[in-house]
Amino acid sequence: AQSRGLDVTFHRAFDMCAELSTALEVLVQLGVTRVLTSGGQPSAVQGAAALCQLVAQAAGRVIILAAGGVSEDNVEEVVRRTGVQEVHSSARRPQESSMLY
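Going by the working numbering, the sequence shown runs without a break in its numbering and finishes at 101.
No lab work stands behind these hints: they were computed from the structure. A portion of the hints provided could be inaccurate.
Said to hold, decoys possible - Label-pair distances were calculated between CB atoms; the ranges are:
| no. | residue 1 | residue 2 | range |
| --- | --- | --- | --- |
| 1 | Arg-80 | Ser-3 | 33 to 43 Å |
| 2 | Glu-96 | Glu-19 | 21 to 31 Å |
| 3 | Glu-96 | Glu-25 | 23 to 33 Å |
| 4 | Thr-9 | Val-75 | 15 to 25 Å |
| 5 | Ser-89 | Cys-52 | 25 to 35 Å |
| 6 | Ala-13 | Ser-71 | 16 to 26 Å |
Yeah, the Cβ is synthetic: ideal placement off N, Cα and C, and Gly gets one too.
Please model the complete structure; the sequences and the hints are all you need to start from.
Here's what the structure looks like:
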């Protein structure tokens, strides 16, 4: 994908790594663009401290994409506590909209 100019996002399997810091460096070396993570915890709110550390470690070399339980109710808290610039939400609940397909 990268050789064709496409971004590569590594999914939440990252959260199963024993050493997130080491795993992040491996992904940077592999040229991954984004890492989807909840900081090794069940939710981004619970993993906020680790997410903050990962954002600092990444230092712009890779995007830390906060995921796991991010909703309209907690997205501001997640961004404020972690410093992430991007978040992922499953948006499971239907919402009426004027959008037409």
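Structure-based check of each hint:
1. Arg-80 to Ser-3: 33 to 43 Å: holds, 37 Å
2. Glu-96 to Glu-19: 21 to 31 Å: violated, 45 Å
3. Glu-96 to Glu-25: 23 to 33 Å: Roughly 45 Å apart at Cβ, these two residues miss the hinted range, so it is violated.
4. Thr-9 to Val-75: 15 to 25 Å: holds, 19 Å
5. Ser-89 to Cys-52: 25 to 35 Å: At 19 Å between Cβs, range violated.
6. Ala-13 to Ser-71: 16 to 26 Å: Holds: the Cβ-Cβ distance is about 22 Å, inside 16 to 26 Å.
In terms of the numbered hints stated before, the structure departs from hints 2, 3, 5, listed from lowest to highest.
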